[in-house]
Every structure is written in C-alpha cells, then in structure tokens.
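There are 2 protein chains.
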Amino acid sequence: MALVVQKFGGTSVGDADRIRAVADHIARTRRHGDQVVVVVSAMGKTTDELLRLADDVSAVQPPRELDMLLTSGERVSMALMCMALADQQVDAVSFTGSQAGIITDTAHTRAKIQEVRGDRLRQALADGRVPVVAGFQGVSTERDVTTLGRGGSDTTAVALAAALGADACEIYTDVTGVFSADPRVVPQARRLSRLSFEEMLDIAASGGRVLALRSVEFARNHHVPLHVRSSFTWEPGTWVVEEEPTMENAVVTAVTHDTSEAKITVTGVPDRPGLAARLFRALAERSVNVDMIVQNVSQHGTTDISFTVPKVDVASSVEVARNLAAEIGAGEVVADTEVAKVSLVGAGMRSHPGVSATMFQTLADEGINIDMISTSTIRVTCVVRADAVERAVQALHRAFELDTF
Amino acid sequence: MALVVQKFGGTSVGDADRIRAVADHIARTRRHGDQVVVVVSAMGKTTDELLRLADDVSAVQPPRELDMLLTSGERVSMALMCMALADQQVDAVSFTGSQAGIITDTAHTRAKIQEVRGDRLRQALADGRVPVVAGFQGVSTERDVTTLGRGGSDTTAVALAAALGADACEIYTDVTGVFSADPRVVPQARRLSRLSFEEMLDIAASGGRVLALRSVEFARNHHVPLHVRSSFTWEPGTWVVEEEPTMENAVVTAVTHDTSEAKITVTGVPDRPGLAARLFRALAERSVNVDMIVQNVSQHGTTDISFTVPKVDVASSVEVARNLAAEIGAGEVVADTEVAKVSLVGAGMRSHPGVSATMFQTLADEGINIDMISTSTIRVTCVVRADAVERAVQALHRAFELDTF
Chain P
695 MALVVQKFGG
705 TSVGDADRIR
715 AVADHIARTR
725 RHGDQVVVVV
735 SAMGKTTDEL
745 LRLADDVSAV
755 QPPRELDMLL
765 TSGERVSMAL
775 MCMALADQQV
785 DAVSFTGSQA
795 GIITDTAHTR
805 AKIQEVRGDR
815 LRQALADGRV
825 PVVAGFQGVS
835 TERDVTTLGR
845 GGSDTTAVAL
855 AAALGADACE
865 IYTDVTGVFS
875 ADPRVVPQAR
885 RLSRLSFEEM
895 LDIAASGGRV
905 LALRSVEFAR
915 NHHVPLHVRS
925 SFTWEPGTWV
935 VEEEPTMENA
945 VVTAVTHDTS
955 EAKITVTGVP
965 DRPGLAARLF
975 RALAERSVNV
985 DMIVQNVSQH
995 GTTDISFTVP
1005 KVDVASSVEV
1015 ARNLAAEIGA
1025 GEVVADTEVA
1035 KVSLVGAGMR
1045 SHPGVSATMF
1055 QTLADEGINI
1065 DMISTSTIRV
1075 TCVVRADAVE
1085 RAVQALHRAF
1095 ELDTF
Chain C
695 MALVVQKFGG
705 TSVGDADRIR
715 AVADHIARTR
725 RHGDQVVVVV
735 SAMGKTTDEL
745 LRLADDVSAV
755 QPPRELDMLL
765 TSGERVSMAL
775 MCMALADQQV
785 DAVSFTGSQA
795 GIITDTAHTR
805 AKIQEVRGDR
815 LRQALADGRV
825 PVVAGFQGVS
835 TERDVTTLGR
845 GGSDTTAVAL
855 AAALGADACE
865 IYTDVTGVFS
875 ADPRVVPQAR
885 RLSRLSFEEM
895 LDIAASGGRV
905 LALRSVEFAR
915 NHHVPLHVRS
925 SFTWEPGTWV
935 VEEEPTMENA
945 VVTAVTHDTS
955 EAKITVTGVP
965 DRPGLAARLF
975 RALAERSVNV
985 DMIVQNVSQH
995 GTTDISFTVP
1005 KVDVASSVEV
1015 ARNLAAEIGA
1025 GEVVADTEVA
1035 KVSLVGAGMR
1045 SHPGVSATMF
1055 QTLADEGINI
1065 DMISTSTIRV
1075 TCVVRADAVE
1085 RAVQALHRAF
1095 ELDTF
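Line order of the protein sequences matches chains P and C.
Taking the numbering used here, the leading residue of the first sequence gets 695, the next gets one more, and so forth.
Taking the numbering used here, the leading residue of the second sequence gets 695, the next gets one more, and so forth.
Calculated from the structure, these hints are not laboratory results.
Since we're looking at a predicted model, the values are computed, not measured.
Hints are supplied without guarantee of correctness; some may be wrong.
[Stated by the list, open to error] With a straight-line Cα cutoff of 20 Å, these simulated SDA-like cross-link-like pairs (lysine to any residue) come out:
#1 P:K739 / C:G859
#2 C:K739 / P:T740
#3 C:K739 / P:L745
#4 C:K739 / C:L760
#5 P:K739 / C:T997
#6 P:K739 / C:D785
#7 C:K739 / P:T741
[Said to hold, decoys possible] Some chain P residues close to chain C (C-beta under 10 Å, calculated; not the full set):
#8 V754
#9 E768
#10 Q782
#11 V1027
Ideal Cβ placement from N, Cα and C applies to all residues, glycine included.
Can you make the complete structure from the sequences, with help from the hints?
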C-alpha cells in the first residue's frame, strides 16, 4: 500500500463536473489500495475575481487581509471535494492550512513554510479517511492566515508529501506532462517520461511553465518524487526524480523559451570595482527579479552591462539604472522589450562540451542573431529577437534530434 | 469613550459600494471617540450561491464540510471591510470565529456558543485597532469550523458584546428598526424607539423578522442593550433594553403576523394520559419545530389536538401524526396550509386583562373567524384564515390606537 499526495490545480477543479471527475479518480486510487492525501487549489478564476473585488473596494490592501481574502477560495473547493467524495462513499475530511499544521513565517502573500506538523492528517489517514487539504495557505507563527505566493499549492503538496513520507507527489494539471518544447511551437515535441530534479529546475527557470521553480526545489531538497500529469486524460505523465548515476543522460532533454522578460543595457559604465554591485543591489531593493546578467570586456576604460528583468519591472528598472548612470557618469540606459530567451536543458551536457557550439551554429544557420548568452552546467540560454524565437526553438529541437525517440 | 459592537448583515455589505459606505460609518464612529468591534455577515447572496454549488456537486453534504464551505463567505467580507477601512486610515484587523475565540459545541450547521475567549480582540482594541470579526462562525471543542445557524451573525455580535463588556450592540440592517406592525401591511405603522427584551422576544417569536429569537435571548441573558438600525439611512432605530420598572408600559406595543406556518389537526384522539406526549415527542425526533398547541375539552371520551408547524414540515408532520393515529385508534389527520397567525405584544398586558377580549371583539367585528388561540403573559395570538390576516392586522393596529403617538 503506497501513500500518494494528489494535487489538483484550479482548472482541474474549475466547476461542479470537474470536481466530481476528480473525486471519481481519488475514489479509484483508494479502491486500488493506496492511501491518498488530496491538495486542492481554488476553483478556476476565483482568485482573479477576489482580487478584482478587492480593487473595487480599496486602493489600500493590507497583505494580511489580502491573504485572508484569497484563502477563502480553497475553503470552497476543499469542502465541495469532500462532499463529492462522500457521494462516492469515500470518507473524506477537509483541513485548512492551519488545521493541517502548515506553519509559515509572517511574510504575508509570499510566506515560506517553516514546519509541517500534520498530526491531524496522520490521524485522519490512520482512521481510514482521505484528508483534503487547502493548497497555497498556512498559518504564521503569529497565528495569522498566510499564503505561499505563486505556485503555492504545488509547494503545499510537496511539503505534505515530505512531512508524511509519501511515496510520490502527483501534480494534476491541464497538460499531460513536461514536453521537449512547447507543443504549440513545436508540434513534434514529445512528452518526457522522466526528468531529474536538476533538469526540471532549469526547465522551470528558463520558461517551462508546468511546475513552479520553488516546488521543484522543495521536492529536490526533500527527495520527493514528482509525477506531473493531466486531470483531463488521466494518462501517465512526466516523473521528476533523483538523477540516477547509472543512467546515461540525454545530452539535451528540452528546448524552452520565455518571452516574459526585457533586456536593459547600461552603456559606458566606468570600469571601476563595485559599480555593478551597486546597480544590482539597488534593483534588489525595488524587488526586481533580475535574471540574466552579461558584462562585456572593458574597452577604453568603460564597459556595457546588460541584464534581463520581467517586462512588468522595466519602468522601475530603467529609473534605477538611469539614476545610477547619472551618479557614476555612465552613458545611456536602453530598454528592449522585443527580446526572448531560448534555452537548451539536459543533464548530459555536463559531459558533452560541444552543445553550446552546436546551438550557436544552428542559430547562425537560421540567420538568428544572439544578443546575450548565459550558461549553467546543464543549460545554455541565448537572448534573441522576439520575432525569431519560435523559429529558434523549432530549429534547435530538430538539430538536437528531439523529434525522434 | 464607549465600546460599541456594530454588526452589518448581508445586504449592508452586499457590494463594493456598500462596503465602502459601512467603512465610512465605522470611521466616523471612531472619530467620534468610541471604540468599535465590527461583525460582518457574508456579502448579499453569497450563502445561497455556495449552497447551490454544493447541490451541483453532491447530494451528500456532510455538515462539517457544509460549515467549511459557508464560512468562506464572511472571510471575504471581513477582509474587504479591513481594506476599505485601511483606505479611510482606520487600522483594522480581521478575525475568523476561531481567531476571535468563539468556542462552540460540535453540532455542525447549528452550533451553540460555549465560550468567548476574545483575547486577540482585547489586544487589538488595546493597540487602538478595529477588530473585524466573521459573524455566524466559531470553532468547536474538536477544533473544527462550525456555523451558528439562522441568525448566527446577530448571535456572534451579542456574544462578543457580552464578553467584551460593550456598552451597546448595534445591529445594522436594511430596515430602520422594529415597527408597531409590518409597514407593508399597515402604512401607518410607526417605528418603536424602545422595547423591552421580553417584548422583542415575543415579537420575534410571533412573526417579526428583524431580529432572530436566539440573539435576543442571548442579549437578555447577558444584559446587552441592542440597537436595531439601518445601514442605508443611518438614522437612530429601535433600542431593545431591560424593562424599567418605573416606566409605564404601553398596553399593546406591536401587532405581528406570520404566514409561514400550517395547522394540523388530529381528530378523535382517545382521552388517555400520555397520547399527546407521544405525538409531540415523535415530532421532536423528526426535528419538527412545533409552535402553538391547542387541545379541546374532551367530548365523549375523545378530543381533537391542533398544532402549528412550519409549512416545510407539513408532510413529515402529517406522516408522524397518521402513524400515531392508526396506532392509538384516533380519527383523521387534517393539514391546513391556508392559515396565518396574528399577535398582539405588549408588556403592559400583564396589568390589563381586557386585551384578549378587545382583540377577539375587533376580529369578530371584521367578520374574521378565529381558529386557534394561545396566550403568554405579554402576548395574545390568534390563528385566522390566511386571506384575512392583513385585514386583521390593520383592524387591530387601529383598535389599539397604535397609529398615533
């Protein structure tokens, strides 16, 4: 008998029919002999609707109250799920984040889990019941209701799987798994049946939207096998697991892309120590999430610094950079929103040094210019023109023979 | 500096504009120098919508999960209220029933308050903040979320006022107070500026819908002055207070009516001890809320028993009565849904024994037949034909000179 955590996202529980379909699946898992802990998100567009309501009421939205507001969503979906399970003769019992013992810090709207007590979940399991837990929420050390921020329900599921020693954490979503590229861009993209945590981390960081980076980090740190799969087709999806040293890794596993960032360049920065540090500290203080950073070799005592930031942060980033440029006697600050990132991810890259060269050549053959480059041990990322990114993904997918098995 | 509990019902917080209007009123109360504890219901039709959703999902609705579902409603309204107050520079903080320390028994969907701890509310008040508390909900001794049933938010407000030693509990609603009769039936009905708890209890029990019986009982038992008033006009409404022995009471304070009940008659009941007890015990076991009971004087060794029940319980009540009638050899069981109750309420009746006679005479003068009569020390109730009840109310309002001051 295995213990499985099954997490269902907003589209998976989007209406009454979906909730009944999910309850049916949970009941089947139970009949198969496994123990189940269920984690649910708020139904469909609930969170967006609550945020719109908040905007209608007030321009001032204290984070504590925003958390109180948003956590009403999972309460609805988990109570309805328990009713649907009762209809299937499955004895289920719902738990808020607080009741499930998910203790967080006090950083409202982006709280971090500090501890998972889970006593009531263990008791429910021992009583033969199915605990249905609210995703995305916890209770702070100050006894206030908190939310875990983006990807929070995935994090709840992984944290519970770790705390309860579950055999697997199944993340049910509206796609059938993780693909070798975005299937909308590359119709020949294939579903990956198995990935290492490291590959999944780089895929998530470079544009793959299936799993939030944070939940993958949590799973890796706590050795929780993840299974990303569809709640619409119920077919087996993608396993994300520890890398097995005996396995030979594919050189390139996936081609990812991301059009959500813009490039900002500061030209003519005097080549003195500490100036880059001042720039990025100033950006961090404005909570700007800087992704890639490239600094050219110094020419005539000055250098250019380019970096990418989320498009929503362009205005404030430019302001910060212009202030600093004026202070230190640098040149222009230029923002370019017509860029995109394309990345190759694969654990086998570690032992195959030629991947970057093949990537650059492939792009050159397509006549695609590279703006910026950054690499990690198992990833290469190029910034290209936004209007060329789909062509780049298709060419790379072909060049690395990802179309075939 | 007074401490006031202000409770706002569903229509008072029905949309973003209403929430802002209420926040403005709370801010004014604060500027006036008073301390405020706010209690809110779920917005408008939220509860009905959640119940419809539950019906769509499952025919089986475990009460614990129904409570979890419904308590999401107040979470939304209290968080929005705190945001609207923040917008008015009022430092407010929301508390669930559990966080406010409202401890109940484990009877889901109709829990009774056992204790109000209120430590966090006292702390918030000491910190100069306005606590905004979810009405209608608590946490059980088993640490589960419970709801207090019909009129629950009023009960929350009164319980908090009692626990915190508030100077008054203001119940804001969509009418301007308690009237001498339903103004839709009697356009000359006037708003009562002051009532005793006993009068309010009899008004609530005999058809006045402004306050739930239970919250009035709680207020009387804990000596909490109530002020029923409108959140649309903000004018002073009706005070419900301890009876003052020095005051001369009006003989009749209000004429109430109620069309929500049906009359059931069991004929030819053998005149043996214990048969009536068996009937009403059987009804109680089916959770039927029997209101009036009249048993005629025995004729020829048998008697007729008539009683009124909510119209929704007619079918089950008739079934119970027919089973018993067959068992004990009684006659027919007849249900009559075309009846209505009309009542006179007034603390002065205690010292004015002629009220009933005047009531019966007034109805007789109008050609209105009386089906059943029941009296308490400060109330007389007659059951009449449903189609005559408005005429009865108007005639009585006139006869007891309630139109004039």
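Check: Which earlier hints can't be squared with this structure?
Finding: Violated hints: 1, 5, 6, 11; rest satisfied.
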